[in-house]
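Chemist: These are the residues of each chain, in order.
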Amino acid sequence: MAILLIADYQSTGCSAALAPATLSALAAARQIGGEVHLLLAGSDLGDLAERACRLDGVARVLLADDTTYDHLLAENLSALVVSLAPHYSHILAPATAVGRDCLPRIAALLDVDAVSDVIAVLDRDTFQRPIYAGNAIATVRCDGPVIVLGTRPTAFDPIATEGGSAVLERIGGPGDLGLSRWQGEEHPDFERPALESAKVIVAGGRGLQTQEGFAALYPLADRLQGAVGASLAAVDAGFAPAELQIGQSGRIVAPELYLAVGISGAVQHVAGMKDAKVIAAINLDPDAPIFEIADYGLQGDLFELLPELMLELDSALG
Amino acid sequence: MKVLVAVKRVVDYNVKVRVKADNSGVDLANVKMSMNPFCEIAVEEAVRLKEKGVVTEIVAVSVGPTAAQEQLRTALALGADRAILVETNEELSSLAIAKSLKALVDKEQPQLVILGKQAIDSDNNQTGQMLAALTGYAQGTFASKVEVAGDKVNVTREIDGGLQTVALNLPAIVTTDLRLNEPRYASLPNIMKAKKKPLDVVTPDALGVSTSSTVKTVKVEAPAARSAGIKVKSVAELVEKLKNEAKVI
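In the order they appear, the protein sequences are chains W and D. Following the working numbering, the numbering of the first sequence begins with 1 at its first residue and continues without gaps. Following the working numbering, the numbering of the second sequence begins with 1 at its first residue and continues without gaps.
It is worth saying that the hints were derived from the structure and are not from the lab. C-beta: ideal position from N, C-alpha, C; glycine also. You may find that some hints are simply not true.
Said to hold, decoys possible - Residues from chain D shown here face chain W by an in silico Cβ test under 10 Å; the list is partial:
| hint | residue |
| --- | --- |
| 1 | V11 |
| 2 | S234 |
| 3 | K241 |
This is chain W alone, in the form it adopts within the complex (with noise of 0.2 Å):
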C-alpha cells in the first residue's frame, strides 16, 4: 500500500511554497520504501500542485482545492486524512507546528499511537526517536492498521525539487466541520535565511544582557549569510522574539556552523543544536556546558570580542 505524506506549504499573497520541512519528510517517505502520495489541501494551489507533481520521488499528488482546508487547521484537515486513510499503510507529516497539530489528531481518530519526531527509518514499522530532551533515543516499532509518523526536518536532507512526474488528483473531502475559524496571523518579517534551512546560524543568549547587546547578533549573522537564533533565556529576557528561540520548547536545527554567543548550554538549548555540524562557542565563563559540546571554544567578555570578531571576518572573508 502507498504512502500518504500531508504537504506543509507557506502562503505569502497569491504564491505558495512547500515547506523545507516538506522535502525532507518526503525523504524519510521514500526510506520506507512504496509509492508516496502528496496531500495538498487549500484554496489557489493551482501552481504549487503543478510544481509538486515534478517533486523527485512523488507517484501522485492529491489536491483538495477548498477554502475549508485554508491555513490547515488541525479539525479540517484531519477529517480530510481520515476519509482517505483506507487506501495507506503510512501516513506522514513533517514535525511543523502544522504536522504537529494535525498528527496526532488523525492518529487517534483512526485508534492508533502516533510516533513524533522520527529521526530515522530502520524499515516499514521500526523507526528512531529522540526522548528526555534528546538524552535518550528510542527505537520503536508499530503493528497497528497504519502508522502515523510525523519526521524531524533537520535528520533527513532534502529530496530535489524536479526529475519527477506525478499525477495530479483532485479529491473533495468531507468539508468543513464547523468547529474552528481562523482570525488572523502574524508574522514578523525576517530578510534572513529560515533558522531550519540556514547553513550558519549565530545564537545569543542572556550573557548579551540587553536587547541592544542581541541586536550585534544580526550584523555579524549577515556577514555570514545566516540566520540569528536565540536561547530561551534570552527570550524570556525579551531580548529575542520568541520565534528565534532554538532548543527543545522552539526550534530543532542543523546547520553547519552553529556559533553560540552568551549561551551557557542548558540541557533544553542543547537539544535543539547538538546536531549541528560544527559547534562555536564565545562565552565568559569558563566552566559553561556549552564548552563540553563546542568544537571551538573562545573564553572571555563577548563585549570586546564581538567587535574583534567582526573587524576578523571583514578581513577573513573580503
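Given the structure of chain W, go ahead and fit chain D onto it with the hints provided.
Modeler: Structure of chain D alone, referenced to chain W:
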C-alpha cells in the same frame, strides 16, 4: 464554567538522565520527580481564568502511579479545587492517556480542558490533540494567549514563523506553550489547605479504558556523544580555524 487540567509527573527538568545498561529505558530510580513544566503553565492558566471570574471550578487530573498524587496536591495548592488520579503502574501511551482523559471528560463535562503541549520525558506532543479527536472538540495547540469570549475561546498559537489566532467553539481543548504565562509558587498555607481538598482515585479498568498500544518501545540507547573540541586563544584563531580547518565559513 468548569475546567479540567491534566498534569503529569515527570523527571525534574534539571536532571540529566541516564540510559539503563540493558537498554530497556531510562534510569528513574532515586531521581527527583516534579510536575511537567508545561502542565504547571496549564494549571496557572486555569487559576488565572478562575481569578478573572470566567471559571468556577478547576479539576486537576493525572494518569500515572500512586506517587502522582504529589503532583495533584501541588495543583491543588496552586488553586485547583479537587483532583482525580487515574492510577496505573504501566507506562501508558499518549493514546491510552487520552482515552482515560476522555472518560473523565464524559463524566465531568468541562467546558475547557487545558494540557501542556508536551511532557518533557516522552516528548510526544500528542495527548491534547488526541483528546480533542476522541471528544470531537476543537483544539488550540501551542497556546501563548487564551481568551474566553461567550461560547467561544480565542487562542493565539505559536506557529512556525509567527503567531496565529483561532476562534474555537466551546467545549474545547487547549495545550500550553512556554510563553502562555509564568506559573506562581504555592505558598505554605495553600500547601496545608491542599491536603484537605478532595482527591479521588480510579483505575483505567473502572473507566472502561483499554491501555493497549500499537507502538512498542524496543530499545532505548544513549545518543552518540558529542565531545569537547579545543579552546582557542583569540578571535583571529577562531576565524582561522572555522575558515581553514572546519571550512564552514
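Chemist: Against each hint, give a clear statement of whether it holds in the structure.
Modeler: Here is what the structure says about each hint:
Evaluation of the V11/D hint against chain W yields a held restraint, the C-beta minimum of about 7 Å falling below 10 Å. The interface hint given for S234/D holds, since its Cβ lies 8 Å from the closest Cβ of chain W, which is under the 10 Å cut-off. With a cut of 10 Å, the hint placing K241/D at the interface with chain W holds, because the nearest CB-to-CB distance is about 5 Å.
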